[in-house]
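*Asks:* Protein sequence lines, in the order shown, are assigned to chains U and L.
Position 156 (the first sequence) corresponds to 155 in numbering that gives the first Met the number 0; numbering is contiguous.
Position 52 (the second sequence) corresponds to 51 in numbering that gives the first Met the number 0; numbering is contiguous.
I should point out that these hints are in silico values taken from the structure, not numbers from a laboratory.
Hints are supplied without guarantee of correctness; some may be wrong.
Computed list of chain L residues with no C-beta within reach of chain U, every gap over 12 Å [said to hold, decoys possible]: (1) R19; (2) P32; (3) E45; (4) L113; (5) A175.
Beta-carbon label-pair distances, calculated as ranges [what the hints assert, rightly or not]: (6) L:R83 - U:H163: 22 to 30 Å; (7) L:S153 - U:R112: 24 to 32 Å; (8) U:L65 - L:R139: 44 to 52 Å.
Cβ coordinates follow ideal geometry from the N, Cα and C atoms, glycine included.
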Amino acid sequence: MSSPCSTPIAWETLVAYWAADLAEDEQDAVEAHLFACESCSAEAARVAAVTESIRHAIPPVLSLELLARLRARGLRTREQPIVQGQVNVARVGGDVDFVVLRLGGLSLRDAQRVSFEMREEGTGRVMMTIDDSPFDRAGDALLLACQAHNAALAANVIVDVRTHRDSGDEAIASFTVHHIYG
Amino acid sequence: MDAEPDAQLVREIAGNGAQRTAAEAALCRRFAPRIRLYGLRHLRDEERARDLVQHVLCALLLALRAGKVAEPDKLERYVLGTCRNSAQRMRAQDARAEPLPHDALAEIMNDAELAAALDERGPALAPAALVRCYGALDARAKQVVHLSFQRELSAEAIATSLALSPGNVRVLRHRAIAALRRCLDQNAEGGS
């Protein structure tokens with residue numbers, strides 16, 4: 000076990016380091032300390048375990064470019080269309096690395112920005128909001144990535160997609176998805 | 000040997016005595032995790048980070064055996080400098096580390112021993128645990144974490160997007176990561 004450091008690097012500084020949010024001289028000072036201090040290096044590793052796992056996780060909403068890169072890396076995917084006005088059942092099993100839920104029927108050609116909110120069906124608890132989401136403009140769709148470990152979250156969700164247009168108009172589309180894992 | 004200061008280990012290696020191999024292994028165990036973290040930060044890829052570890056340790060061992068480290072009591076600066084140069088070359092060429100003429104590291108530790116040195120920080124995070132803990136964050140914290148680490152936006156850009164100050168963003172960000180870390184530690188203790 001390492002000895003405690005007499006001048007430990009603050010947690011917020013370590014988080015900023017992993018977010019690449021330090022000035023160059025600050026970053027150099029942090030790195031010089033980390034190479035000389037076992038206990039601060041261990042703490043930096045604890046921060047990195049979280050930040051880098053998030054960084055490399057497949058995000059909940061995909062751009063077409065990211066989807067293409069993930070497929071190019073060899074990840075197995077399957078697409079499922081999701082439509083408004085009905086309960087969509089999405090099966091997520093071991094046959095693929097992730098399922099792409101294509102929330103379609105949107106009108107995105109003149110969209111300036113697309114935002115979305117996912118909430119638990121029944122309780123209405125908001126699970127996730129993204130104010131400026133990637134979207135498939137030509138395909139008039141939003142692409143959600145669903146993986147097996149999402150079974151840790153609520154299975155039955157409602158996704159509200161809000162299209163913001165240059166004219167100032169907004170359109171809302173709602174999708175209901177019931178996930179079945181395994 | 001693992002408790003010896005760097006300078007003492009350097010002297011053991013340069014002296015080429017009976018303790019040389021043990022001293023080299025101790026230095027490798029000490030610096031491997033730090034080099035890996037540097038690689039993760041600057042190369043953003045686990046495989047390339049491990050590549051950096053092997054390259055830098057190999058270069059370090061060759062330099063120590065040849066007596067080329069001028070300030071043994073500031074060995075960490077030498078290692079950091081070697082990391083910077085190697086990572087810069089890897090980034091510039093978008094390539095793996097260039098091979099060295101002699102694989103000194105393989106004489107000191109095998110792949111399993113190196114893996115053990117790198118994994119001393121604990122097991123990899125279980126994706127389901129991370130999803131559960133992330134799901135427990137409030138909506139604003141999730142947004143800041145997503146924009147910081149998946150969209151890789153600066154605090155200033157996030158602040159503009161969310162109508163906050165950059166200072167607020169930084170506070171939200173480090174508190175969210177702290178909350179995730181606590182949640183994951185509790186999950187690990189609970190065995191889930």
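*Asks:* All hints, please: hold or fail.
*Replies:* Taking the hints in turn, this is what the structure says about them:
1. R19: holds (23 Å)
2. P32: Not fine: 6 Å to the nearest Cβ puts L:P32 too close to chain U.
3. E45: violated (8 Å)
4. L113: Given that every Cβ of chain U is farther than 12 Å from that of L:L113, nearest at about 16 Å, it holds.
5. A175: Label violated. Min Cβ-Cβ 9 Å, cutoff 12 Å.
6. L:R83 - U:H163: 22 to 30 Å: Check failed, 44 Å falls outside 22 to 30 Å.
7. L:S153 - U:R112: 24 to 32 Å: violated (19 Å)
8. U:L65 - L:R139: 44 to 52 Å: About 24 Å separates the Cβ atoms of U:L65 and L:R139, which means 44 to 52 Å is violated.
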